[in-house]
Amino acid sequence: MSALRCGRGAAGLRRALWPKGHPCFLAEEGTLGGVRGRKRSLSASACEQDRRKGCGHAELLEVLEARVRQLQAEGTAEEVMVKRVAMAQAPEAGGIWPPRQAPVGAEGAAPVLSSHWVQKLDKDQQLIEKRLQQLEGKLPKIVEKSTWEKRLRMEPRLLSRKLAGQLQQWERKRPQSPWEEQLARLLQEAPKKLSREADEGSESRLEGQRQKLLAFLECCLLTGHLPLAHHVLVAQHSRAPQQQLLTLPMYNTVMLGWARQGSFKELMYVFFMLKDAGLAPDLLSYAAALQCMGRLDQDAGTIRRCLKQMEQDGLSLQGLFSAVPLSTEEREELLRAVRKARPAFSPQPPPPPPPQVNTSPLLQEIYAKDPSVSYPKLHLSLKELQGLFRQQLGVEMATTVTVESVEKAPLLTEEVLQARKTLAALRAEWESVLSLELQETKESEARAAAEGRPSLFPYLCLLSEKELVGLLLQTLQALPSHGESLFFLAHELGVRVLKRKRLRNQVEELEQRYFEYLHLLASDTQIGILKPHPAFTQLQETAAERTLIFESTEVPMLCPPLPWTSPHSGAFLLSPTKMMRSLEGTQQHQLLLERCPPAELHGALDALTQLGNCAWRVNGRVLDLVLDLFRDKGCPRLGVPAPPTEAPRPPEGRQTPKGCLLPEASPADKAEMRRELARRLKVAREMQSLRADALYRLSLAQHLRNHVFWLPHNMDFRGRTYPCSPHFNHLGSDLARALLEFAQGRPLGPHGLDWLKIHLINLTGLKKRESLQTRRDYADAVMEDILDSAERPMTGRKWWMEADEPWQTLACCMEIAQVVHSPDPTTYISHFPVHQDGSCNGLQHYAALGRDSTGATSVNLSPSDLPQDVYSEVAAQVEVFRRQDAKQGVRVAQVLEGFISRKVVKQTVMTVVYGVTRYGGRLQIEKRLRELEDFPQEFVWEASHYLVRQVFNSLQEMFSGTRSIQRWLTESARLISLTGSAVEWITPLGVPIIQPYHRDSKVMIKGGLQSLTFSSSVDTNQKPNTLKQKNGFPPNFIHSLDSTHMMLTALYCYRKGLTFVSVHDCFWTHAADVGVMNQVCREQFVRLHSQPILHDLSRFLIKRFCSDSRTSKSMWVSRLKDTLLSVPPTGTFDLDQVKRSTFFFS
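Residue numbers (the working numbering): 764 to 1909.
Keep in mind that the hints were calculated from the coordinates and are not lab data. C-beta atoms are modelled at their ideal positions from N, C-alpha and C, and glycine is treated no differently. One should not assume that every hint holds.
[As the list claims (entries may be wrong)] Listed below are the simulated SDA-like cross-link pairs for lysine to any residue, each with C-alpha atoms no more than 25 Å apart in a straight line:
#: 1; residue 1: Lys-1140; residue 2: Val-1839
#: 2; residue 1: Lys-1902; residue 2: Asp-1479
#: 3; residue 1: Lys-1396; residue 2: Arg-1437
#: 4; residue 1: Lys-1132; residue 2: Ser-1329
#: 5; residue 1: Lys-1132; residue 2: Arg-1394
#: 6; residue 1: Lys-1531; residue 2: His-1514
#: 7; residue 1: Lys-1071; residue 2: Gln-1081
#: 8; residue 1: Lys-1140; residue 2: Arg-1412
#: 9; residue 1: Lys-1140; residue 2: Gly-1512
#: 10; residue 1: Lys-975; residue 2: Ala-1447
#: 11; residue 1: Lys-1884; residue 2: Asn-1794
#: 12; residue 1: Lys-1530; residue 2: Ala-1506
#: 13; residue 1: Lys-975; residue 2: Leu-1059
#: 14; residue 1: Lys-1669; residue 2: Arg-1483
#: 15; residue 1: Lys-1531; residue 2: Leu-1550
#: 16; residue 1: Lys-1531; residue 2: Ala-1378
#: 17; residue 1: Lys-1884; residue 2: Leu-1355
#: 18; residue 1: Lys-1396; residue 2: Ala-1378
#: 19; residue 1: Lys-1690; residue 2: Lys-1884
#: 20; residue 1: Lys-1690; residue 2: Met-1564
#: 21; residue 1: Lys-1531; residue 2: Gly-1661
#: 22; residue 1: Lys-1531; residue 2: Trp-1562
#: 23; residue 1: Lys-1103; residue 2: Gly-1064
#: 24; residue 1: Lys-1669; residue 2: Val-1839
#: 25; residue 1: Lys-1171; residue 2: Thr-1558
#: 26; residue 1: Lys-1038; residue 2: Pro-1012
#: 27; residue 1: Lys-1140; residue 2: Ser-1329
#: 28; residue 1: Lys-975; residue 2: Pro-1326
#: 29; residue 1: Lys-1530; residue 2: Arg-1483
#: 30; residue 1: Lys-1791; residue 2: Ser-1345
#: 31; residue 1: Lys-1229; residue 2: Leu-985
#: 32; residue 1: Lys-1184; residue 2: Ser-1198
#: 33; residue 1: Lys-1819; residue 2: Leu-1201
#: 34; residue 1: Lys-1530; residue 2: Gln-1507
#: 35; residue 1: Lys-1690; residue 2: Thr-1680
[What the hints assert, rightly or not] Have a look at the derived ranges for each label pair, beta carbon to beta carbon:
#: 36; residue 1: Gly-1150; residue 2: Ala-1362; range: 21 to 27 Å
#: 37; residue 1: Pro-1626; residue 2: Arg-1443; range: 52 to 58 Å
#: 38; residue 1: Ser-1664; residue 2: Ala-1131; range: 19 to 25 Å
Work out the full structure, taking the sequences as your base and the hints as a guide.
Shown next, in the form of structure tokens:
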């Protein structure tokens, strides 16, 4: 259906999510995709009406409803399409460009709408107005005649004739036979089993449906629709096939709801159903009954019999207060009832949890109670931090952030203004239509639930209609032009609704706990695709609106993040964030973390907290310069992407020129033109992507220009840490890093200026093979260029533009200029971050693991007067091999003369330690060779094959210990995979790791509109992917070690009062503290590799994969054990030399 026709966003989304076939139940956690309400198509056909009449629904209410649906369906097209909508809270600011679909390069006059789309747009507007009038006239009549609430059934339909007879008899005897006495008798006769017996296969199939039904019941209680929950429970219980879905928690949920209201009769009904289902009450069941008695102030005799029966069932009275999750008020009513029967009873306070002490030898000093240690405090006062907390709370409650785009403003032509006016009018109409649709949908879903089927109704009642419409518009606003999965959109909407409802009651408690934390910081201590209508997309392009909408979790925080206290608690205030990010659908990482003893994760949790506690601000001077270039035509040489208008244009109509279509055109000409067309389109798409990425980053930087902000962190499955906010952080490119500086400044002190100079020369890429003193002297020699770059960056000599990292170089030039011009450089307050990079850090860890003296010297683990450059050494070794082959007449070796350089081999050398294959290495070298203007391109393929072979041979000679460890890890992973398991290990800091590489499995999702089939490689039920497991283990293991080293450095730097952040193996701190950070970095590397890492790994893998007696006789397990016991021998390198190595990190 046309997106601009009838405005059926809410109802259309709901109907599209109803799958055909067997009924299912509500999805958990707000996922609307699995809901089945009334089975409806896009139009109320005669067939559908007949079906309804056949079911006995022929009353006037149904006739009116069917007529409304017929009116809704006028003009239905073949394809369901949904309009893109703007954020409801800021229509006056113009429209939005969602982050995934923001237009870039909008300048000058906007494109003109074709007459066809103008006519269609006018027609759709008229239909919307007609539809609105129809709904306004018809819907109130339906609502007025609503009778579903009167049809709710309270009395259960019991399958047991005996129990049904007892219920009827007891009801006839009221009030002579009080309900309380009946409850005591019923409890006495209850079965002594906790759950229905069922085979494992059927239980597995039913588990998902049970979770969804339980979610429906809980949602009914949350929204105040307890009678509806009771009615659906009765309806499900009365049908034998459905009764097998019902579990004890479902009965308890409804019982607890009646207990809170003091409705003992209805509670008794649930107890009858509980016994009829063959279930025995548990502690929560008894807690509900006793709580209800407490509210009704019942006599002690009934309560005493109830408690006696509970003890006979093997349930502890104390357990009512220690094992049952109840609110304070519910506990008081429960205690009131118990004390009527046992006046002397007093619940015991819960025992204190056992002390959780991290036993890692690497963290002994961190968790030692040392009163002399003074941790750093934030530069903001407690009052300021509390204000920032409230700002961030508002941002997350709104779920989205509106940001002004930094794109060059278009000319406000009459057409642009008219398009914006049209959009504003359309959005207002959509909001009205959606609100009316939502009212109709709620009424329809309520009737579906009244017929005994779980439906969307309680979920639609979680928020007001205005809030829900706003969230629906927000969910749909980011639709890309190619559309989005209905299942995904429904999931996003459901999560937002439940999150907002659930967290409202938690805000007060969160605020209290967060303020306590601030005292510490401030002190010394369905399936289908929804697509926007093409007319609407073109209208948006014409309007060229200037706002972007980001999710609140995509934007840096305005207050310090919540400290990480568990694998699922930390970072954002309200938005749930996992400690370990993973591929969608994977659960094995989270399960491992949940099973891990909490104390073992303290080091990783505290490191993530420390990294997120670094306060940032925007470097406004750099931002202004970048924005000038960005709004002009960009500058790709400086990393500022050009607008799409500068992209190479494909031939007209995206077809080859007419000349190549002529019969006389040769096949070679046609093929060449196709390749050229593909190349141009690829370049245009890449430019569009880069431009959009820069637009988001620069817009967020402009938005946060005058704010202090924080970047919460989490980790990937290997333990490497990343900021949670994806678009604006310090892990980005040179440009992204140059835009950031520390919000908290530190005096430079006596050595700070020297480190700024060294850092500047490091950023230029000059003097890489020189000493630190030589680099300082060189900075002094080019001081005139440095000051000129700072004072006249775009009009002067532009020395900074020739640097490897030009924007960071410019930012450092500006910082040095301010220091030089200050009265006393030692007291100058510097906010500039200074970096120290590891020297091919992966090889450093391999060399330390194998105590490889030759390899250690090559990667600067040993002290030296000048830095060793492993990339230059490999290039030199490859050149030796090339000369030998050239003398023997190898043609490709002769062609490569003069072309083998550090740059050609660097990427392959850097990544070979992380598992790059010869194929991947060849592609890397091919790319470098194509960048060489003088190299004969016809030899690129042959030369890249030759060079990658020689690079691997060179590394084998230079790092023999490294290669033996790599082979041992690879073979171990291969054998583990062949036993049917994925590779697991535990980092030295206690973080459990598992590789999520499994064989692809085909998954089909059936829906009302279509069925989708896709491949999934994260299904843990599938066998491991042996190739990925063995190739991934060596690099992933090394990544887990470099992450451990970084976390140790972060924790010990924090203990010494330093500001510390990292980009993996690049460590950042203030210029004044670089010396201290370097000392800590080296000490923690030595401490880490002083542990028997490989032997600990061997012991863990043997225990994990070779200790099962059922598989110990397997051939693969036997070979695995032999391999794991053959730990590679180590060399004689002395690790203490690292502490004296100047260029280990420099």
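Evaluation of the provided hints:
1. Lys-1140 to Val-1839: holds (18 Å)
2. Lys-1902 to Asp-1479: Since the Cα atoms of Lys-1902 and Asp-1479 sit roughly 29 Å apart, the hinted pair is violated (cutoff 25 Å).
3. Lys-1396 to Arg-1437: violated (28 Å)
4. Lys-1132 to Ser-1329: holds (22 Å)
5. Lys-1132 to Arg-1394: violated (55 Å)
6. Lys-1531 to His-1514: It holds: about 21 Å lies between the C-alpha atoms, which stays within 25 Å.
7. Lys-1071 to Gln-1081: holds (13 Å)
8. Lys-1140 to Arg-1412: It is violated: about 55 Å lies between the C-alpha atoms, which goes past 25 Å.
9. Lys-1140 to Gly-1512: Distance of about 19 Å is within 25 Å: holds.
10. Lys-975 to Ala-1447: Violated, at about 46 Å.
11. Lys-1884 to Asn-1794: holds (20 Å)
12. Lys-1530 to Ala-1506: Violated, because 31 Å separates the two Cα atoms, which is more than 25 Å.
13. Lys-975 to Leu-1059: violated (33 Å)
14. Lys-1669 to Arg-1483: holds (23 Å)
15. Lys-1531 to Leu-1550: Answer holds: Lys-1531 to Leu-1550 is near 22 Å, not above 25 Å.
16. Lys-1531 to Ala-1378: violated (31 Å)
17. Lys-1884 to Leu-1355: holds (23 Å)
18. Lys-1396 to Ala-1378: violated (33 Å)
19. Lys-1690 to Lys-1884: It is violated: about 42 Å lies between the C-alpha atoms, which goes past 25 Å.
20. Lys-1690 to Met-1564: holds (24 Å)
21. Lys-1531 to Gly-1661: Holds: Lys-1531 and Gly-1661 sit about 21 Å apart, inside 25 Å.
22. Lys-1531 to Trp-1562: It holds: about 18 Å lies between the C-alpha atoms, which stays within 25 Å.
23. Lys-1103 to Gly-1064: holds (9 Å)
24. Lys-1669 to Val-1839: Distance ~30 Å between Lys-1669 and Val-1839 Cα, so the pair is violated.
25. Lys-1171 to Thr-1558: holds (22 Å)
26. Lys-1038 to Pro-1012: holds (14 Å)
27. Lys-1140 to Ser-1329: Holds - the C-alpha atoms of Ser-1329 and Lys-1140 are around 23 Å apart, at most 25 Å.
28. Lys-975 to Pro-1326: violated (32 Å)
29. Lys-1530 to Arg-1483: violated (30 Å)
30. Lys-1791 to Ser-1345: The hint holds at about 16 Å.
31. Lys-1229 to Leu-985: holds (19 Å)
32. Lys-1184 to Ser-1198: holds (22 Å)
33. Lys-1819 to Leu-1201: violated (58 Å)
34. Lys-1530 to Gln-1507: Answer violated: Lys-1530 to Gln-1507 is near 31 Å, above 25 Å.
35. Lys-1690 to Thr-1680: Given that 25 Å is the threshold and the Cα spacing comes to 16 Å, the pair holds.
36. Gly-1150 to Ala-1362: 21 to 27 Å: Given a distance of about 35 Å, which is not inside 21 to 27 Å, the answer is violated.
37. Pro-1626 to Arg-1443: 52 to 58 Å: Holds, at about 53 Å.
38. Ser-1664 to Ala-1131: 19 to 25 Å: Given range 19 to 25 Å: violated, Cβ gap about 50 Å.
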